[in-house]
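For this one, chain U is given, so just place chain D on it according to the hints.
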Amino acid sequence: MRKVGVIGAGMTNFVRRAQETPKELSYEATKAALDSCEMNLEDIECVAHGTAPDAFDGIHQKGEYLADGSGGWNKPTMRVFVGGATGVHALIHGWYHVASGMFDTCLVVCEEKMSSAMPHAQGFFLTIFDHTTERALEPTLLWIFAMEMNRYMQRYGYTKEDMARVAVKNKNQGRKHPASQFKEEVTLEEVLNSEVMAYPVSRLDVSPVSDGAAAVVLAAENVARQVTEQPVWIEGVGWCLDTAYWATKDLSYPRYLEKASKMAYDMAGITEPAKQINIAEPYDPFDYKALHHMEGLQLSPRGKTVELLKDGHFDQDGNLPMCPSGGLLGVGNPIAAAGTMKVCELFWQLRGEAGERQVPGNPKYGVCQAWGDLMQVSSVAVMGV
Amino acid sequence: MEHTNFIRGGTALSAKDVEQNKAFSVEDELACRYAWDTGVGVGRYLEELKEGNIIGKKCRKCHRIMLPARLFCELCFRPTDEWVYVKDTGVVNTFSICQVNWDASRVEPGEKPHLPAVIEIDGASKGMGILHRLGEVDPKDIKIGMKVKAVWKPKRQRIGSITDINYFKPY
Chain U
1 MRKVGVIGAG
11 MTNFVRRAQE
21 TPKELSYEAT
31 KAALDSCEMN
41 LEDIECVAHG
51 TAPDAFDGIH
61 QKGEYLADGS
71 GGWNKPTMRV
81 FVGGATGVHA
91 LIHGWYHVAS
101 GMFDTCLVVC
111 EEKMSSAMPH
121 AQGFFLTIFD
131 HTTERALEPT
141 LLWIFAMEMN
151 RYMQRYGYTK
161 EDMARVAVKN
171 KNQGRKHPAS
181 QFKEEVTLEE
191 VLNSEVMAYP
201 VSRLDVSPVS
211 DGAAAVVLAA
221 ENVARQVTEQ
231 PVWIEGVGWC
241 LDTAYWATKD
251 LSYPRYLEKA
261 SKMAYDMAGI
271 TEPAKQINIA
281 EPYDPFDYKA
291 LHHMEGLQLS
301 PRGKTVELLK
311 DGHFDQDGNL
321 PMCPSGGLLG
331 VGNPIAAAGT
341 MKVCELFWQL
351 RGEAGERQVP
361 GNPKYGVCQA
371 WGDLMQVSSV
381 AVMGV
Chain D
1 MEHTNFIRGG
11 TALSAKDVEQ
21 NKAFSVEDEL
31 ACRYAWDTGV
41 GVGRYLEELK
51 EGNIIGKKCR
61 KCHRIMLPAR
71 LFCELCFRPT
81 DEWVYVKDTG
91 VVNTFSICQV
101 NWDASRVEPG
111 EKPHLPAVIE
121 IDGASKGMGI
131 LHRLGEVDPK
141 DIKIGMKVKA
151 VWKPKRQRIG
161 SITDINYFKP
171 Y
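First to last, the sequence lines map onto chains U and D. Sequential numbering of the first sequence, starting at 1, is according to the working numbering. Sequential numbering of the second sequence, starting at 1, is according to the working numbering.
With the rest of the complex left out, here is chain U:
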């Protein structure tokens, strides 16, 4: 397989409700990514894009609807959709377009507009549950997050305060991200005292719903080296899907993520991820998920992650910075675009362009991950310079 580099990145601001349509958001991010590497749409051979449930927009097959905004006009264009994992999965999808030798350049574009669904996009999550054995119980997505969080905390003796520390860290880090939808500083007390939604989940344990888009430009090695002196290579990719019988598995540990990350590390030649990875962007729609995912990503020993968090190990200047972007908690969570935001972050971090959020010490390897469906799927990419 051919070596594939990320050569450009762009995104929109993440906001609660965007004036732009989904197509306009896609255009803004795509155009920004092309501009960042001084390329035109004519230089792009194919488009890999991602967006989450059609139901959010009320537009069936919205991939085709978005194609114009993501540069997909008159080109081989394919949508990928694996729920919350879409944002990193679209990168993998774009990667094999180029790695296979089929194409030399590829645009990866992810978009989400959640604000159109009335009264709240949350209502559509009822329809991801099994219609015969679960939906009659009127579940919400909060139920499964809350129950996974509860099981995870119980397993290792973690407390709500331990989990809230992640929200404080990521939300305050996100204030340094120019695209963030938050401006206010958040304290531990505020997180702990925020409205209880579904114990153990309180409102500030959760990332917000958002509108936004993010895009990157991929190129085969020979093209990448012509376009930029600083390509960021996609060193390894991995993904794995677990059973939809979600209530029958060990909720305290994401075994499918372990598998996905090992696939990516093997490809990247990473044998000791906790030592070799310099930046982690685990998927953090809820605070506990960041820690749950650090364990699944083999970046922290199971049950020791809170200790490392408290020691500052995961801070911007710590041994293994976690979510230097601010993550979904700190920047916003437009589902598919949120994962691609993490790809953009690694691109900027590994090139030393992350400004106020820059991780010190010339980081060489970063890993980003996204997660979705019925606590079921993870997509992982290792990027390096």
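It is possible that part of the hints are untrue.
Unchecked claim - Covered, in the sense of this in silico footprint (three residues per stretch, anywhere, with C-beta under 8 Å from a C-beta of chain D), are these stretches of chain U:
id, region
1, 10 to 16
2, 38 to 50
3, 132 to 139
4, 185 to 194
Claimed, not checked - Restraint ranges, calculated between C-beta atoms of paired labels, are given here:
id, chain 1, residue 1, chain 2, residue 2, range
5, D, 20, U, 229, 38 to 44 Å
6, D, 105, U, 276, 27 to 33 Å
7, U, 188, D, 60, 50 to 56 Å
8, D, 89, U, 318, 43 to 49 Å
9, D, 83, U, 243, 16 to 22 Å
10, U, 269, D, 127, 58 to 64 Å
11, D, 12, U, 318, 31 to 37 Å
If you're looking for bench data, these hints aren't it; they were derived computationally from the structure. All residues carry an ideal CB built from backbone N, CA and C; glycine is no exception.
For chain D alone, coordinates are given in the frame of chain U:
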């Protein structure tokens, strides 16, 4: 290169902007209706619920007794074998005390919170949980590992649905 140059668009709109006609929006309502066939494995599972029984299916290859009952074993990828009645008791694997309804509206003050739980059913293979609700329990007394028992609807009210069990209560 400054990465901030490549962050554009995503213009924040407030509810007020829409109310004051500074930005227009178009509304529509989609009504979707479905009739789902329950299938082979799950169909029998529901029929048995109507009779007040919980039934699983066993795979002779991996020896798992699975819930909900299923036509094929997804691990061995072969047909499942015997039908096995399991108990209507179990252990709380995890739970939540939820103040939010499915459509994101809040449980009204004075109303009881939702008490979803994953319940590992006795007689099925270890870890074989189902989603259900808890009842007849003070939320602050719920514990992981708590033993619970199904509270069935009266027979004439059962329709062959997971809701033929009203909830599980401690015993």
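*Hints violated by the structure (listed by number, smallest first)*: 2, 4, 5, 6, 10
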